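Undergrad: Below, each chain spelled out in residue letters.
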Amino acid sequence: MDPVLRGLLLSWELRPVFILFLLTLAILYTIGWTRLRRKSVNSTLANRWRLTAYWVAFAIVIIALMSPIDILGAELFYFHMIQHLLLTMIAAPLVMLANPMPFIMWGLPRKPRKRFGRMIAWMISGKESLGRKILRQATKPGVCWFIMLALLWIWHEPPMYNLALRNEFWHDIEHIAFFWSAILYWWHAIGAAPHIHPKMARIFRVGYLFGGIPVTFILGVKIAFATGILYTYYETRPRLPVIGLSVADDQILGGIIMWVPGSMMYFAAALVLVARWMQEQQNLPPVPDPEWLDRGEAAK
Amino acid sequence: MIQKGSFWVGILSLLLALFGFVTSAMAHAGGTPRIVNQPAGDFVISVWTLPDPVVSESESNFIVYVAEAEGFDQSRASTPVLGANIQLTFTNGRQTIMFPATHERATNKLFYESYLELPSGGTWMVDVVISHEGLRGEAQFEVDVEGDASQTNWLLYGGIGLIVIAVGWFVWQSFADEEDDD
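Chains as they are written, first to last, in the numbering used here: chain C, 1 to 300; chain H, 301 to 482.
By construction, these hints were calculated from the structure, which means they are not laboratory data. Treat the hints with care, since some could be wrong.
[As the list claims (entries may be wrong)] Across the chosen pairs, the derived CB separations fall in these ranges:
#	chain 1	residue 1	chain 2	residue 2	range
1	H	I465	C	Q282	49 to 55 Å
2	C	H197	H	I465	53 to 59 Å
3	H	L462	C	P214	42 to 48 Å
4	C	P112	H	F441	32 to 38 Å
5	C	I124	H	F441	57 to 63 Å
6	C	I27	H	M398	41 to 47 Å
7	H	Q374	C	A59	55 to 61 Å
8	C	W277	H	I465	40 to 46 Å
Everything numeric in this text was worked out from a predicted model, so none of it was measured. By construction, the Cβ of each residue, glycine as well, lies at the ideal position given by its N, Cα and C atoms.
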């Protein structure tokens, strides 16, 4: 094998503490899933696909944060965009599809589970208090959408982005901002627990997903069509063989990745919702003939 | 009164959430460029350092990339030199310390890295010597090292403190309301 390609493929940064943390959550999730599956009659909550979604999300987070994709994100803008898409557009919605809150809670031993459950119950339907009011207002769908937009756009301003590339602390803050704002956004779009707010009607969820498209679309277009080099930090990095592009081409490709696959994810999720809604409509019992339909019976 | 056990479960959940929050990042940064595409004998080298600023008596990371000088064009892909011996020599007028930079310590295996602790703050001269298959290169640069007293990241501690207070307040509120209901 080409030594350069071999070097790139061997560039993993395994972090045992982080893997252990993710694994603990995944084990709690699996125990909780098994318990709830045994308890429920028709297994609508503890579906197999939820368990699969959680473990796939687990694998994607590991790949995005520890594989050569992470390492090459420091060298090439388009790899960095792939990493961010994996975290915010694939891992975050998969985590929310897996609906982790009830399963992780049921993975806990009995006593802590009951106490944790009481805390969640307070969030959902506790006595009206300032704490609950702040929590509800700060996590409204519109607020979550705006948080995601603001953080994504602010962090893609060249001084902020260059700072994150140079400094590990700010890079950590950037990833935290992207991942957790995406979790908040997808929480509403998917309707995962805890249900602090009334679940949005399907039509509004479709609209909410379409509302996500301009967030990445406008930013992606702006980056792809920028006249100069926006992220000058990449000019200080070597142009690597095999995967390397010029700084300008790298910027265009990164912008296109954010623009096209980035926007497509919202679109695809909205289509899934519409398709499920249509399927449900098809499965409804046939509508009786309307009364206005005159079959001549009245004349008889 | 809040039950003791409930309170500790709340605190434990808070710490777990905080840990998850922080570890969800774990980003890899490129570092502060010190020299970029500098000709050094038979090679062209670049060096970056982490953290920014470099702080004495705490671990810092020196990252080196070596390319072949022949046919080097900084706008095009360069051929990395792999398997070279790289020695970093630090001098501040009073002390001289040497550290090797290797692929083994590097996260990107096309680079060389050295993890080291400099004993004191001030300006250090760094001499990078590369030798590979009879070829040799050398480059120097200066690095300003801060004394360890200045390394406290108040922004980080402040941010974490605020999150702890906010989430702790919510946990407290949830149990306080529950007790009121009882």
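Undergrad: Run every hint past the structure and note whether it holds.
TA: Hints, one by one, checked against the model:
1. In this structure the supplied range 49 to 55 Å holds for I465 (chain H) paired with Q282 (chain C), their Cβ-Cβ distance being about 52 Å.
2. Under the hint 53 to 59 Å, the C-beta atoms of H197 (chain C) and I465 (chain H), about 24 Å apart, miss the expected range.
3. Evaluation of the 42 to 48 Å hint for L462 (chain H) and P214 (chain C) yields a failure: the beta carbon distance comes to about 31 Å.
4. Judged by the Cβ atoms, the range 32 to 38 Å given for P112 (chain C) and F441 (chain H) is violated: they are separated by roughly 54 Å.
5. Checked against the hint of 57 to 63 Å, the pair I124 (chain C) and F441 (chain H) passes, with Cβ atoms roughly 58 Å apart.
6. With their beta carbons about 46 Å apart, I27 (chain C) and M398 (chain H) fall inside the hinted range of 41 to 47 Å.
7. One distance hint, 55 to 61 Å for the beta-carbon pair Q374 (chain H) and A59 (chain C), is violated here, with the actual separation near 37 Å.
8. Distance hint check for W277 (chain C) and I465 (chain H): the Cβ-Cβ separation is about 43 Å, which falls inside the suggested range of 40 to 46 Å.
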